[in-house]
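Given the coordinates of chain A, work out where chain B should sit on it, guided by the hints.
Protein chains: 2
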Amino acid sequence: MSWKDKLRQVEPYVAGEQPKLENMIKLNTNENPYGPSEHVKTVLNSIDTDHIRLYPNSDADELRHALAVYHGLDDDQVFLGNGSDEVLALSFLTFFNGDDPVLFPNISYSFYPVYCDLFKMSYRQVLLNEDFTININDFHQSNSGIIFPNPNAPTGLLLSLDAIEQILKNNQDSMVIVDEAYIDFGGQTCVSLIRKFENLIVIQTFSKSRSFAGARLGVALGNKEAIAHLYDVKNSFNSYPIDYITQQIALASVLDSQDMKEKCQRIIRTRERVKVQLKDLGFIVPDSYANFVFVSHPQIDGQQLFLALRKAGIIVRHWQQPLIDQYLRITIGTDEQMDRLIAFISQYLKEQGAVTK
Amino acid sequence: MSWKDKLRQVEPYVAGEQPKLENMIKLNTNENPYGPSEHVKTVLNSIDTDHIRLYPNSDADELRHALAVYHGLDDDQVFLGNGSDEVLALSFLTFFNGDDPVLFPNISYSFYPVYCDLFKMSYRQVLLNEDFTININDFHQSNSGIIFPNPNAPTGLLLSLDAIEQILKNNQDSMVIVDEAYIDFGGQTCVSLIRKFENLIVIQTFSKSRSFAGARLGVALGNKEAIAHLYDVKNSFNSYPIDYITQQIALASVLDSQDMKEKCQRIIRTRERVKVQLKDLGFIVPDSYANFVFVSHPQIDGQQLFLALRKAGIIVRHWQQPLIDQYLRITIGTDEQMDRLIAFISQYLKEQGAVTK
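First to last, the sequence lines map onto chains A and B.
Residues in the first sequence are numbered from 0 upward in steps of one, following numbering that gives the first Met the number 0.
Residues in the second sequence are numbered from 0 upward in steps of one, following numbering that gives the first Met the number 0.
Okay, chain A solo, but in the shape it has when bound (with noise of 0.2 Å):
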């Protein structure tokens, strides 16, 4: 006996790596292009560092109180964390507590079987159709609760409104967790439909649309009495994930969402043109919603595009999995970084002998 044998076991996610090279294109993990609002910066250099030495509101309550208006919820329905993935573990320790399996989709977020592992639940892995699409039909089963991110990752197919519904009316006996780290590229959202199903959980993330990766918020909404379950399981685990500062600068963000919504609408006019360049050159180009594409070409390798990028200095995400080892995951950066990340390709398949349009 020894104290190894009391180690839980777990197989760790695998984030995306953060590389230091020169003159670096870094299209790996989905960061905004674009630095966050001038309030935040306004706020971030006239912070008083004696508020330091005191505990910060423990449920970021001002910060919670504007997310609320934001989308016209009450207080008591939004529910903070520190990034969307502190949100996610929670939640699955909150709502996830059933004998079945928890269900989510084959090809999705890397992080929702770590997670399962990581307490001890049991999962089933939905397949989707050969075209990435998700089957609601699929969900129909027995479960202890439902995830799914929408937009997709890595795919970045949305699905609809009405979709989601009939998933949520197939299991009223389950949370369903919609994750929505990527709605705001051009996604309709699904918290309207909080108001008509007790069983949803949306969760949203700072780091994207807000390009606030560096600073750590999730978000999460539902109906009250969910809400309030998630917040005793984080007054469990941990009273003051969001550090005061952290609380400021979301504000200025959320008080100055415009400015978010004008980034947004940038990356999407980049990425639609993009999605129109790499089909012009070959590319199978499911039509995402995220702020990435998620392309694969027929007539070259995968693993072997992603080492050339890299070579190159352009960093883009590349999993050796089944199903989806020929694609590659390319964050929407500047339209100069992807001028060049074009020029490149179109080069390298020339070299390739591949035949574009």
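Don't take each hint at face value.
Because identical chains cannot be distinguished in the list, a pair is counted as satisfied if it fits within a single copy or across any two copies.
Derived lysine to aspartate or glutamate pairs resembling DMTMM-like cross-links, with alpha carbons at most 20 Å apart [unchecked claim]:
no., residue 1, residue 2
1, K19, D60
2, K223, D58
3, K223, D4
4, K19, D47
5, K223, E271
6, K3, D98
7, K119, D98
8, K278, E129
9, K3, E224
10, K260, D49
11, K223, D172
12, K119, D4
13, K278, D130
Simulated from the structure, these hints should not be mistaken for lab results.
All values derive from a computational prediction rather than experimental measurement.
This is chain B only, laid out in the frame that chain A set:
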């Protein structure tokens, strides 16, 4: 059947209240009365907000290295989390997975049983002696892990390194976690024992001695293999618990540790004279090595004194719990704050007809 049947049932931890009163003296949550180093201010107010759009360094490597140097350890012996509460929660999850109960003192940090409930671990509370001292032989029984604060909270009493070494020797099959949240206020850290015992984890916090309660940073120190396991569990929960800004300002704090030490010395001086004054007023004053004192008066009801202080705008901590309901935990504030406290209590005792020296 309903989604409510799949909820995790918990009794959440209740943190010290954060009242907002005019002219209040806040001595209830052991915050540092002095702000962080001036270097922290300089760093904070010059941060480029454009950095926030990028994910932070997942393991806070630069900060981790600075702390390793500070403690005379290797980088891979240092773990960082979102406040020591998160570090504690992840440590329970990582190390306490046996079938036997987890052991901790019956009068101790009230979060420990909350973590056990949350993660469905059994626990047994080891009874302190009547003077609140720990009988180390009581930790010599089958267990899945041992945890205690040193100095203990809320008593403030310190266990010697010899006593800790004995507990470690008696429990080489379990992880022993020493929670040193208050160690910088005059106690001797047991970090030096890490070299000798691979079943030791030491947890510290930036909240108290480094005036970082509002910025959220906790630390675990231990052998390389144990720390790697803790990172695996953390990476199964949340990849990026420590935001970019906190990493930057915490680094500034570590690099100016002299400032922290001087402020701790000031607090210790204040504490020692307050102990004498309270004893002179007839209080029982266990010999606290923390930035608080835990005191009771033989002739005055604890709850009554708590409420009288509160009415006077002086907020301290009181638990309506068996064994400690006659005690108040009073944070050591500035000299001026403690003067006001002592003046009020002297007057109050006179009015109540209590005998003082």
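Now the hints, each set against the structure:
1. In this assembly of identical chains, the alpha carbons of K19 and D60 lie at most 20 Å apart only when taken from different copies (14 Å versus 37 Å within one copy).
2. In this assembly of identical chains, K223 and D58 lie within 20 Å of each other by CA distance solely inside one copy; the values are 14 Å within and 35 Å between copies.
3. Taking identical chains as interchangeable, the C-alpha atoms of K223 and D4 lie at most 20 Å apart only when they sit on different chains, with a minimum of 16 Å there against 41 Å within one chain.
4. Proximity of K19 and D47 under a CA criterion of 20 Å is satisfied inter-copy only: 18 Å between copies versus 32 Å inside one chain copy.
5. Taking CA atoms no more than 20 Å apart as the test, K223 paired with E271 passes in neither setting, with 38 Å inside one copy and 48 Å between copies.
6. Only between protomers do K3 and D98 lie at most 20 Å apart by alpha-carbon distance; the minimum there is 14 Å, versus 28 Å within a single protomer.
7. Taking the shortest alpha-carbon separations for K119 and D98, both the intra-copy value of 11 Å and the inter-copy value of 15 Å come in at or below 20 Å.
8. When the C-alpha separation of K278 and E129 is checked against a cutoff of 20 Å, the pair qualifies only within one copy, where the shortest distance is 19 Å, while the shortest distance between copies is 77 Å.
9. Within a single copy, K3 and E224 get their C-alpha atoms only as close as 40 Å, which misses the 20 Å cut-off; across copies the closest is 9 Å, which meets it.
10. Proximity of K260 to D49 under the C-alpha cut-off of 20 Å is restricted to the inter-copy arrangement: shortest distance 17 Å between copies versus 34 Å within a copy.
11. Taking the closest pair of Cα atoms, K223 and D172 come within 20 Å of each other only inside a single copy of the chain (17 Å); across copies the shortest separation is 45 Å, beyond that limit.
12. In this homomeric assembly, K119 and D4 come within 20 Å of each other (Cα to Cα) both inside a single copy, at 17 Å, and across copies, at 18 Å.
13. When the C-alpha separation of K278 and D130 is checked against a cutoff of 20 Å, the pair qualifies only within one copy, where the shortest distance is 16 Å, while the shortest distance between copies is 77 Å.
Going down the numbered hints, you'll see the structure goes against just number 5.
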